[in-house]
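A.B. asks: The lines below spell out each chain.
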Amino acid sequence: MLGVCYYPEHWPRERWSEDARRMRELGLAYVRVGEFAWALLEPEPGRLDWAWLDEAVAVLAQAGLKVVLGTPTATPPKWLVDRYPEILPVDREGRRRRFGGRRHYCFSSPVYHEETRRIVTLLGERYGKHPAVAGFQTDNEYGCHGTVRCYCERCQDAFRKWLEERYGSIDVLNEAWGTVFWSQRYRTFQEVELPNLTVAEANPSHLLDYYRFASEQVRRYNRLQVEILRAHAPGKFVTHNFMGFFTDLNPFPLGEDLDFASWDSYPLGFTDLMPLPEEEKLRYARTGHPDVAAFHHDLYRAVGRGRFWVMEQQPGPVNWAPHNPNPAPGMVRLWTWEALAHGAEVVSYFRWRQVPFAQEQMHAGLHRPDYAPDAAFFEVQRVVEELGALSLPPPGQAPVALVYDPEAPWVYEVQPHGAEWNYLALVFLFYSVARRLGLDVDIVPPGAALQGYRLVLVPSLPIVREKALNAFREADGIVLFGPRSGSKNENFHIPQGLPPGPLQALLPLKVVRVESLPPGLREEVEGPWGRFSSGLWREWVETDLSPLLRFADGLGALFRAGRYLYLAAWPSPELLGALLVGLAQEGGLSPKPLPSGLRLRWRGHLVFAFNYGPEEVVLPVPSGVRFRLGGPRLSPYEVAVWEEG
Amino acid sequence: MLGVCYYPEHWPRERWSEDARRMRELGLAYVRVGEFAWALLEPEPGRLDWAWLDEAVAVLAQAGLKVVLGTPTATPPKWLVDRYPEILPVDREGRRRRFGGRRHYCFSSPVYHEETRRIVTLLGERYGKHPAVAGFQTDNEYGCHGTVRCYCERCQDAFRKWLEERYGSIDVLNEAWGTVFWSQRYRTFQEVELPNLTVAEANPSHLLDYYRFASEQVRRYNRLQVEILRAHAPGKFVTHNFMGFFTDLNPFPLGEDLDFASWDSYPLGFTDLMPLPEEEKLRYARTGHPDVAAFHHDLYRAVGRGRFWVMEQQPGPVNWAPHNPNPAPGMVRLWTWEALAHGAEVVSYFRWRQVPFAQEQMHAGLHRPDYAPDAAFFEVQRVVEELGALSLPPPGQAPVALVYDPEAPWVYEVQPHGAEWNYLALVFLFYSVARRLGLDVDIVPPGAALQGYRLVLVPSLPIVREKALNAFREADGIVLFGPRSGSKNENFHIPQGLPPGPLQALLPLKVVRVESLPPGLREEVEGPWGRFSSGLWREWVETDLSPLLRFADGLGALFRAGRYLYLAAWPSPELLGALLVGLAQEGGLSPKPLPSGLRLRWRGHLVFAFNYGPEEVVLPVPSGVRFRLGGPRLSPYEVAVWEEG
Amino acid sequence: MLGVCYYPEHWPRERWSEDARRMRELGLAYVRVGEFAWALLEPEPGRLDWAWLDEAVAVLAQAGLKVVLGTPTATPPKWLVDRYPEILPVDREGRRRRFGGRRHYCFSSPVYHEETRRIVTLLGERYGKHPAVAGFQTDNEYGCHGTVRCYCERCQDAFRKWLEERYGSIDVLNEAWGTVFWSQRYRTFQEVELPNLTVAEANPSHLLDYYRFASEQVRRYNRLQVEILRAHAPGKFVTHNFMGFFTDLNPFPLGEDLDFASWDSYPLGFTDLMPLPEEEKLRYARTGHPDVAAFHHDLYRAVGRGRFWVMEQQPGPVNWAPHNPNPAPGMVRLWTWEALAHGAEVVSYFRWRQVPFAQEQMHAGLHRPDYAPDAAFFEVQRVVEELGALSLPPPGQAPVALVYDPEAPWVYEVQPHGAEWNYLALVFLFYSVARRLGLDVDIVPPGAALQGYRLVLVPSLPIVREKALNAFREADGIVLFGPRSGSKNENFHIPQGLPPGPLQALLPLKVVRVESLPPGLREEVEGPWGRFSSGLWREWVETDLSPLLRFADGLGALFRAGRYLYLAAWPSPELLGALLVGLAQEGGLSPKPLPSGLRLRWRGHLVFAFNYGPEEVVLPVPSGVRFRLGGPRLSPYEVAVWEEG
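Protein chains in written order, with this note's numbering: chain A, 7 to 651; chain B, 7 to 651; chain C, 7 to 651.
Keep in mind that the hints were calculated from the coordinates and are not lab data.
Since the model is a prediction, treat every value here as computed from it, not as a measurement.
Each hint should be verified, as a subset may be incorrect.
Identical chains share a label here; the pair holds if one copy fits it or two copies do between them.
List time: in silico SDA-like cross-link candidates among lysine to any residue, alpha-carbon distance up to 25 Å [to be verified]:
no., residue 1, residue 2
1, K135, G503
2, K598, Q387
3, K287, G637
4, K287, N497
5, K473, T194
6, K242, D97
7, K598, W58
8, K72, P638
9, K242, A454
10, K287, P525
11, K72, E92
12, K167, S629
13, K598, E131
14, K516, W326
15, K598, G637
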């Protein structure tokens, strides 16, 4: 199903019913409204103005549309900030930030919790049982603009309490953090400060705990909203719209409090910001990298425990990337189908109409600011028609699982050891190489059950907890661990017995040394699949296992014990590709290298094909297959769907 | 006429008369003194010491020199700053800056206005009627070191008042800024803050108004000085020395309060800092880019309503650029002639002698610190001789006008949309391409009368006001508009009816979409003049007009209605060159592509030629032409002058 | 002799005697302990806990090891910082920094001086006469993490007093700083502030004096510690461990207060951070640049007036560089021998065992965190064996002296004039070119006696004081001065009579102009040794001397008067190499260009050869020479020693 984001407050009232009529006519089902509207709903402290929103919801309802109502807490009004300046966040540099953008609040502020409780309760009371309101979105894009981590006094207080709960006694904290080092010993929890503005780098355990704390504060804040909404809106869903390539926040625990996850999909903006080779950046500047949306669909499907929406879908050039190209013709349709192929329940476009003023005036919509339909409008029309002719089976389990660890980016942010080490880049490499072999991937958090997967990819899992270890034990497919897996314990220590720590139960080996390399320094690795180049990271392994791949000096780069493998280097795409072909075949899969711009995705018996490249491709289908959309020759930016025989 | 900047306070008194004698002997007419001398004039609060300046002026007068007296307000003394710390500016990061450099004051500070009134009145009283004092320079290089925009409490107060005057009621401001977006609604003017340190980007209308306000505060401050000087120095001129490539300040309104404009010309420093291709940077490292001084001569001639001086002319290596090469031999003479050819009334060298101490000790002068004449001295000697043999006719109107919009850099700084979009770069491209065709250019502000111009270039004019529109209507030449013209209204909204907004009265078209592209992404455009490459920016136009140039996808890149043209892309120099050749010819001009280092300039019947390149060039003159300087073969760094037949 | 850094407090007590036994067994003589241990020694204000350290020292003593005891002042405990927050430093941005790393104190803090006196006295009283304690290390790596220069109120107070002592009267300061410029005149010392956060650049004399002051504050602070230790520990040595490539601190005066200097040698980390051409960086990524350790050995031998230790020797990958490669096999041994060849009395490895927690957990040691010996352990074993078979003669004077000016980096930091001008890079170029000719180099401070040297290299000496001038006068070898020598006087003025100022007594020439060039702008220089390229910096010289090298325009680039030469450009390595070959031969030396990775070093009659390159090299030795280690063919990363015939 399709939806749209709509801001009635930005448009004349006399326009609303016409807009609603046209949404319905276009075939949209859902309309998200209301997030960011606090100053409209409460123009003066305590004076509520519901009239306009009542009317807007009524108008939409009348047209047969369902409303997703956002809580307006991402934008506290000026009067609120003036009354309680303490809600403004303090950044890493120690500067209190000001009103004038959005997300200008600290997640730990008790006053802001109170104010949130007040406004969300009011909203829940008024609309929680409204028949046209399908559900709620809490706040908007938690953490955007670097707001997960605040360095104010309230955060310091809350962090001290959090530490006290976690460690019980300061001696335990001292042991856990290794404060014997550099005389960092604390006598009380009151002595612990936030880890910014230190002269030398802060203690890594301190930093990691602070990142954990900050992420949990967001969850706690969100749960406050969820509980109020559940109380006042029985039977309505509650979701939140997460962001792409954003790691300050662990989305999984937050996802547990929601009915499903949503995310905001801007393939071109993300591609402009990704650390891709220049030529790939240019190749995909107008389409987005072929795996960038897919990766997040698979990630947030996991966060939503199987259910997700695209709450905001890019409909044209955006306003916020360094470069904002126009999508290639057909891409809005392609992105929509890609989302649906990955199991999206709803794809909702951001926004109904480009707004001609304020910060986002250069962000395209389904309509131009002069009310005429824009290019995306017609692509959505086409999707609606096509959707009508196709019933989508429920998505099944993919053959490949990729374990995504939300703590890993924090661990490696604290101690990258090599300037180019980047967890997301490594994960994206594993994901993309698998996708280029035509393999569907489920992304799962550490500890998730791994039964039924033929192949489990663990690009890097620095902290291996009991639950994750058990899941690996109980997996029935091949499990490939990447470098630095098991390299830290819960407290950010190198494990006793050395890495991979608890994974030694599966892989009898020890990582006795590691190194990070400058970009130009490459080494060869060689094995049964050929000769490849590696760089950026290497490990020295002590083991009785005989290596499957060797570095030029003869030492091992890949080890195997039973169905578990350990890769002691950051692989090149070629090396990883050859390795995954072998492992997938061993797992009974049929990996087939696809043309660089082509991707496939199964949803039940339907196979979807997407051509992100500027060249026509011939699909790898047996003749006689039944096409439900398109055909065996796929033009650039085109979609095909067929039934698996 | 020629002049020089001189700091008697830096040199022993016994040296002054010798210096004066030699200035006179060299043929200089004007000597600028006194700016930066506050602490010398008022060593203790209220204790004035005029003796040294009286004597210095007397000594210069005695030698027959005329004095330009600078007000010393760019450098408030330490005791003043200690007495009123509030005059120190606060930067964008919220840090109050300190004494120890220069320009350490806030333009909005009421106390500093009072102190300025006091010291300028004293100066005016003492020297306003002095026969040797020809005129005054207010302050020095307003805005240097990023000082136009201050973020202190006084500025916040003043900005609130400014907004109240501009909008009358807060509702009007809310509407103008679109504060319905992101709950930014204000209830009173007192709620509005300065737009720094916001968590997300600030509202663009807010930012633009703040930039306007900050620029106006400078004008207001300058006017305070001008009024005092006019009162005490009847008949004397008042000027200010503006800077190159500086856009925080709108110079046009300020110019209206002056008798003429001045500017400080440092071609090598500017060239080192300009965003030029690497090979051009190296080619012109010792000469300056051939259009960099010319551009500013033409700009500040407009600011001075036809009259301008070069108040500071680079005489050798400067001290402040990342790289400070020695000018190629002859360049100081060439730069002087270029200024005169563009109508400079006086070219004044900075400085008489290199000072061997303090911040600018590595800045060359006409003399070395050991009192010996430096290389530039001899080049000035030659200019003086040559000037004696040549009487310069008054400069006339150029055939081409270029509309330079001082607000445009602010608009694009607030919302560049593409990382490489840079207003000055686009303007400089239009200017340079015209100059390389041998066309003289008048730079004019939006709204200036355009009669008499064969060709009007408008590289980009985002906000088109009534007066500018009328000027375009009344222009009798061809008018070429560049991209993003008419893309915003006065309040930084996309115009109703879409861009180019009011220009639709001239050009029946709508820009319905725009995009910014990463550097490597190029598109071809094709038309009657050939096939070219474009990039960085593209627009989609809806119109019944048939395009003169088309993008590779067939859509139009250049449109024409009568004598108005609209270019929907950022052009390559080749594309723009071909286009200007065609338009200039149609306008009855004879554009001729010049060798890359050669430039021409008409002053009345005299034609000047300047060779900035390292190769000899043959001048495009008919045989038999009467040369007043040089001849038809122009060596590197040489100047020629002939009479137009 | 060899040693190791050891932190008993990081390990279980039951491990200590085993560790001590193995140290002894390995052949180590010295163990450094105790720096960073304040919070362990004084867990609560005034409650001292000596027991653990008493025991640790006893255990080490019992094993026959000698202890180097560090004072723990680099890491004041949290309770101390909370009690006196004023000890925390304020950075250049005006931000007070926080507890949580190390070096979180201001060198000017009176309270911290008091606390330092207290803890060092206690330490001296307890261990000053302990028979196993060989000596003391004061603090740790003064200045690390940018801590030499603090911008707090106490520093401002102390700086004002320092200025008053230096100048006596404010008029003298005003004259010395040239405060007549930009109205910077001060009426009292109380008016002078620290030179940060100024609006334009601060006065260069002000900056230089502040850098001098800040460096002297460190010396003063260190002397406080030294005096206490001398009082309580008669006969024991006192040293401090300096850093590599660190110029904020002038090490020479501080060295005068010590018995000998020490330094911390991390060749791979330094090489990753050095501004080297990309291909050299990669070539030496696993070995360190061949001159990087040698340069510092020679520098700190001078600081220690002939005596130095390597207090911390890199034993494997470090944790703090952008990239942290594993040393090539054999490099720990090679680095040790290189240090010994340069006269190191002790080479002490950092650290005995890699610690599995806190900030430095990724820093390798002689042992892995699991207590097993790491690769370096076995290389040390080999060195111990080899050392047993070789008795090292005392190091003699080298044939070449290089004058290293610790003030020069400050002068050029204040006014680089060219973005790429870097004093250390120029010094390293001179040093490296000499070393590649097989020449041993003594590094000496300006003013040191130069008798006995055949060749004296002065890469750049901006301020030439009487003592240095006399030393040049009394030198009996050839003296080569590089660019900008003599370019400033004591007060950061251009000297009267122009550069090279006082050197004009030796070289009758004047530098009348200088320029800095962008990287791509190269000029040719030509002379009897060939034709070379130069760039980055050029000078114009006025003299009657006839140049030995000329720029393409015919002007001189190299001048000579008797045994003094002046180079008026930044030379390419090729130019400098050719020049040094000629000068060395003239001085009676036999320079021979070595293969790029090979270096030689004489210690008495022993010649050491080190192969840093990945290719085997054949040593330039006469046949029949007596090898004490290795032989005439030197494998990669190998060492050879032979007796000079």
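A.B. asks: Checking each numbered hint in turn, tell me which of them this model violates, lowest number first.
C.D. replies: Hints 1, 2, 3, 4, 5, 6, 7, 8, 9, 11, 12 and 13 are the ones this structure does not satisfy, whereas the remaining hints hold.
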